[in-house]
Structure formats: structure tokens, C-alpha cells
Amino acid sequence: MNVFNRLLAILVALVLLVAGVAILLVTTGTTSPSQIAGTTWFADRLIPFVNLSGGSWDWALGVSIAFIVIGILLLAFEIPKPNAHAPFVLKQDGLGRVTLERAGLRRLINRAAGEVPGVMEVRSRVAENNRGFDVHCRVSVDPTADVSQVTTSVQQHVQDAVQHFLGRPIAEVQVDAQLEPLNPNGQLR
Amino acid sequence: MAASGQRRPSDITLARIIAEAVRQVPGVARISAPGVAAATYGVGTEVSGIAVRRVDAAVAADVHVTAVYQPELDLPELARRVRGAVVQALKQHGVGPIGQVDVVIDDLEVGSQHT
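These protein sequences, in sequence, are chains A and B.
Its first residue numbered 1, the first sequence is counted upward by one per residue in our numbering.
Its first residue numbered 1, the second sequence is counted upward by one per residue in our numbering.
FYI, nobody ran anything at the bench for these hints, they're computed from the structure.
Just so you know, these numbers come straight off a predicted model, no measurement behind them.
Worth double-checking, as some hints may not be accurate.
[Claimed, not checked] Partial list, computed: chain B residues near chain A (C-beta under 7 angstroms): (1) Ala79; (2) Gln100; (3) Val104.
Ideal Cβ positions, reconstructed from N, Cα and C, are used throughout, including at glycine.
Work out the full structure: start from the sequences and follow the hints.
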């Protein structure tokens, strides 16, 4: 779907939502058309829904709820969502695009963090924002090591590695250290 | 037929040419096989990890590789070498024009893995 169609669908969804909510509120007597409508034109459109009864009330209520549901579904479908599994784009130019899969970057980070003396196990998660990569590492530390020093070293090592291997900045490296082995089922993704 | 009298081998032949060139690039551990979308199919055969595309009159390709983790690793530079190898190999086989070459680094191969 191209951008124009997507914008049109979002506009229709918003119209359905506004109309549905307004009809619902007026039909149930929660508010009056003049209170909810910003313009006289809109208020005039809502007046037929005031003081409905019997089958008309049921229909108005059903249609308003249908409008709201369709509007929400259309919005949810059309608003683009960031893909949590999409690869990181390292470079894009006229010659093509260079991307790195998330698994590859995690392996690189795990390897870099694992090279720090005192680190027994590493698990990492990476996200990207406009400042660079946000890295979250969970490390299991040798009980005889200085946890604070290991944590600082991991931060520095990971930062240096990502900048060196990828040529991209790191926004933040968060390190959670623990003395116990990492939970094998606790995936950091 | 391609313009300017250049040969136009089949996609599977192009994929084989590309795969052979990419395997020779230092720093590439192997060509990855991430899924059916990144493969080129011939009659009873396929080349995984290389997807040859025809964009207008040009030959374009998606190349999936696993890189070797080493201290001197520089992924943008590795991707540049992969692109260069692909373009050179295609040109050597008289293929043209050449469009975009997208390089996907699927994973890193390390000696001992901390995961």
C-alpha cells in the first residue's frame, strides 16, 4: 500500500472513530450534540440520534460500536509499527544496502563482553534509536572478581567493539551483573 | 537479450558466479542460507544465500554472508569488498549493466561463543 492510500485509510479510520464515539455518546444520552460537536454542522448530524428508543436505539448503538471497532482495527492495521526483528542498516547508497542481522550484532556484543576478565556468561539485547545503538547486557560474573570493575569494563569493551566493527556510535550500554549463572530460559532479545 | 550486445546468462548461472566470488573474499566465513527468499532457483538446483534480481535492464543481487569474527573486522569494509568482488566477477563474465548489490551480514563466526 502506498503512502497516499495509507493516509487515506488512516483518515477514514479517524472519521469512523470520531463518528462512532459521538453517536454512541449521544444515543446513550451521555452528552448532547451541542456539547460534543465542535461545529453546528456536526451537531446537526447528531441530532437525529437524540432520544431514540426501541429498535432505532438498538440500531444506532450497534452502528456506533461497529464504527468504533472498524476504526480501531483500521488504525491498528495501517499505522506502521517498528519491526523488532528487522536487521540494522549499516549503510545505504547508490551501490546497494548493507545490513546486519540482529543475531550477528548480539553475537559480536556477546563476544566483546565475554573477553572481559571475570565475565562467565553474557546475554544481550540491542535496539536502535536516532542516537545510535542501545545495548543491554546481562552478565554472569566470577564471584572472586570485582563486580563494579567488571561492569565498567564490559561497558567500555562493548562500546569500543561496536564502534570499531560497525563504525556506528553507541547511545548507551546497560550492564546487569549477577554472580549466579544466567537462566538458560531467560532470553534477552 | 541485453542491450549493447552483452550476454545475459540465466539467474542460476549468475548466482553461481556471485557465490564463487564471494567465497574468495577474506573475512567471509561462508555464504549464509537464511531462507527461501534469499536463494536463486534453477531447474532442479538452487544457490542459497544469493538472490539474483532483474531491475529494469540491470542485474541486482542480495548476498547473505556470515563474517569471521577477528580483531581487524570492519563490517562496512567487508561489505564493500563483497560488493566489489561481485561486480568484478559479473563484469569478467560480460554481465551488465549491474544494479545494486545488497549485502546482508547474517551472523558472525567466532571460535568460542558466549551466548
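key: Interface hint for B:Ala79, Cβ within 7 angstroms of any Cβ on chain A   = Because about 4 angstroms separates B:Ala79 from the closest Cβ in chain A, which is inside the 7 angstroms limit, the hint holds.
Chain A contact restraint for B:Gln100 - C-beta distance below 7 angstroms = holds (4 angstroms)
query = For the hint on B:Val104, does the least C-beta distance to chain A fall short of 7 angstroms?
reply = holds (5 angstroms)
Comparing the model with each numbered hint stated earlier shows that all of them hold.
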